[in-house]
Amino acid sequence: MTRTSESSTVEEPQTTPSTRPDANESPGRKIWAISLAVLAAIVAVIPLVTENNYYFDVVIGILLLAAGGSAWNLLGGYTGQISLGHAGFFGLGGYVSVLLFTQHGVTPWIGIPVGGLVAGLVGLLIGGLTLRLRGPFFVLATIAFAQVLLILAINLDDLTGGSPGVSVPFKAGVANMVFDNRGSYVWLIGGFLVVVFGLTAWIETHRLGSQARAVRESRDAAESLGINSTSVKLQMTATSSALTGIVGGLSAYYIAFIDPSSSFGIGRSIDFVLVAIIGGMGTVWGPILGAILIQLLHNELSGALGSSGAGLYLVVYGVLMIVVVLFFPKGIVGGLDIVRRRIRTNREGRARV
Amino acid sequence: MFEVRDVTKRFGGLTAVSDASLMVDSGEIVGVIGPNGAGKSTLFSVIAGVLRPDEGVVLDGEKVLTGLRPYRMARAGVARTFQTPRPFGALTVRENMVAAAHTVHRSTADAHAWAAECLERIGLTELAEVAASTLPLGMRKRLEVGRALATKPRLLLLDEVLGGLNPNEIDTMVALIRELRQSGMAICMVEHAMAIIMSLCDRIYVIDHGVVISTGTPQEVSSDQQVIDAYLGGSV
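Here the protein sequences line up with chains A and B, keeping their order. Quick note on the working numbering: the first sequence kicks off at 1 and runs consecutively. Quick note on the working numbering: the second sequence kicks off at 1 and runs consecutively.
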């Protein structure tokens with residue numbers, strides 16, 4: 001075989017083989033360990049510094065929203081599969097855990113994980129049926145899925161109690177997840193949020209997260225590089241829906257009540273999407289920051305607007321969403337990033353002078 | 001040795017590739033040329049697993065690869081670049097490489113180390129933390145090749161990686177491709193720039209209307225009367 005001239009430019013690409021030890025370690029690991037510790041510390045301290053039940057209510061609202069938004073974010077933010085039906089998984093987890101308790105006496109400590117498992121399996125099923133399709137089919141399927149569950153929950157009233165919902169009977173005791181002190185719920189639900197946060201950070205810095213983002217950016221390119229996009233999407237769907245199911249269980253036991261419309265309604269689905277988008281899709285902190293903002297805003301607005309403007313807060317959310325999408329496509333986290341970078345370049349500029 | 005044997009691909013009534021055969025050995029650069037619409041891209045898509053041939057087989061030695069889905073093809077050692085680069089735009093250059101490196105390295109640390117090595121090889125280390133969407137075309141094409149390399153292919157399919165590059169960028173890319181040949185990779189490239197193809201390739205296949213009309217060394221092919229008539233139009 002004829003070898004055409006190996007020209008002198010062969011050596012060219014070997015420009016200074018810079019040894020970068022930091023590039024070999026996954027660089028974010030330390031930062032995430034610290035972030036995790038900070039979050040855990042905040043959750044641990046809150047019940048020690050206040051005994052005000054109103055504050056607990058607000059904090060737990062934030063924690064549930066943050067956990068649900070983070071779970072949604074795994075699929076919507078990292079994998080680019082927008083679900084508008086996460087209420088389905090939320091309600092499924094809630095109903096399974098509550099009905100296991102009221103009808104079979106199963107403790108929520110087992111019932112809630114079982115609810116999560118059921119939600120995860122159903123997520124896998126829905127995903128398996130729809131994720132291969134291109135275009136908006138997945139979004140549409142998720143909306144339909146939550147609506148179907150809503151209708152089933154209302155109509156199968158022998159099983160679910162129908163639209164009036166089901167109360168969790170008050171039986172004091174840790175075994176029934178009923179605590180004397182509401183602060184314990186902060187630890188419980190906050191502890192779960194810490195787990196979700198840690199899992200998200202782990203996924204982000206490891207193989208699955210790397211491949212999920214590749215699939216999000218270009219499915220064809222990802223496949224051409226050996227990434228099984230269907231498998232990646234299914235793994236993320238299962239994780240996301242299972243975690244959302246657990247959030248649904250925790251929520252039901254916290255308020256000791258569950259009903260179809262607040263569990264399976266589209267509003268619930270939108271809440272999770274909203275906190276993730278406003279906080280920053282595809283970022284670990286995003287849904288948490290988004291949840292803080294949305295929950296506080298919700299409290300302020302419902303106070304300020306009173307009963308006269310019952311639906312008005314939705315208008316405010318809508319405007320907020322548009323502003324974020326237009327000016328901060330990476331949400332609060334992206335905005336903070338810009339600020340941080342600007343400060344850094346300013347400092348460097350001054351140092352040079 | 002990778003081999004395409006008697007591959008035919010039809011789209012409805014149109015036969016895009018007809019009974020085409022092609023071989024690429026390790027350490028060899030094979031060029032596929034032909035006028036627009038000759039069936040070069042279709043042939044590439046068959047090898048890459050994007051299209052399933054109606055007839056014929058794709059072989060890696062004795063192993064049959066025909067009909068494997070693209071990600072399986074990539075895992076079997078066949079990597080391809082896209083004619084229009086498809087970077088993972090929102091990700092940094094390094095993250096692009098890491099995603100590909102994860103195909104051959106499960107562990108995060110190994111994938112990062114291998115990605116860094118590949119970045120060095122394609123000369124994009126300086127731009128590692130830049131979002132891929134901000135790269136100019138020349139850099140995108142380099143990233144495209146680098147990402148393919150990160151999957152440790154034995155056969156590399158290059159779909160017009162030189163198109164749209166300035167002379168400097170072409171020199172860099174050509175040097176890289178030669179280096180890859182030396183490392184023992186089998187390389188198959190579709191290209192329009194005739195002068196480069198003639199100087200770079202060990203063997204050339206000329207396709208016209210889906211049929212391989214000539215094959216051989218650049219000298220043999222360019223003096224083939226059939227090629228001159230059908231494709232080069234006597235101008236070479």
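Just so you know, these hints were derived from the structure itself, not from any lab. Here a beta-carbon is modelled for each residue, glycine too, at the ideal position from N, C-alpha and C. Treat the hints loosely; a few may be bogus.
[To be verified] A short, non-exhaustive set of chain B residues, derived as facing chain A with CB atoms under 10 Å:
id	residue
1	Asp54
2	Val64
3	Gly67
4	Tyr71
5	Met73
6	Pro85
7	His102
8	Gln225
9	Ile228
[Unchecked claim] Partial chain B-side listing against chain A, Cβ under 7 Å, derived:
id	residue
10	Phe11
11	Gly12
12	Gly13
13	Ser26
14	Gly77
15	Arg80
16	Arg86
17	Gly89
18	Leu91
19	Leu127
20	Ala131
21	Ser133
22	Thr134
Results of checking the hints against the structure:
no.: 1; hint: Asp54; result: violated (22 Å)
no.: 2; hint: Val64; result: violated (19 Å)
no.: 3; hint: Gly67; result: violated (15 Å)
no.: 4; hint: Tyr71; result: holds (5 Å)
no.: 5; hint: Met73; result: holds (8 Å)
no.: 6; hint: Pro85; result: holds (9 Å)
no.: 7; hint: His102; result: holds (5 Å)
no.: 8; hint: Gln225; result: violated (21 Å)
no.: 9; hint: Ile228; result: violated (21 Å)
no.: 10; hint: Phe11; result: violated (19 Å)
no.: 11; hint: Gly12; result: violated (22 Å)
no.: 12; hint: Gly13; result: violated (26 Å)
no.: 13; hint: Ser26; result: violated (11 Å)
no.: 14; hint: Gly77; result: violated (10 Å)
no.: 15; hint: Arg80; result: holds (6 Å)
no.: 16; hint: Arg86; result: holds (4 Å)
no.: 17; hint: Gly89; result: holds (6 Å)
no.: 18; hint: Leu91; result: holds (6 Å)
no.: 19; hint: Leu127; result: violated (12 Å)
no.: 20; hint: Ala131; result: violated (11 Å)
no.: 21; hint: Ser133; result: violated (9 Å)
no.: 22; hint: Thr134; result: violated (14 Å)
Violated hints, listed in ascending order, are 1, 2, 3, 8, 9, 10, 11, 12, 13, 14, 19, 20, 21 and 22; each of the other numbered hints is respected by the structure.
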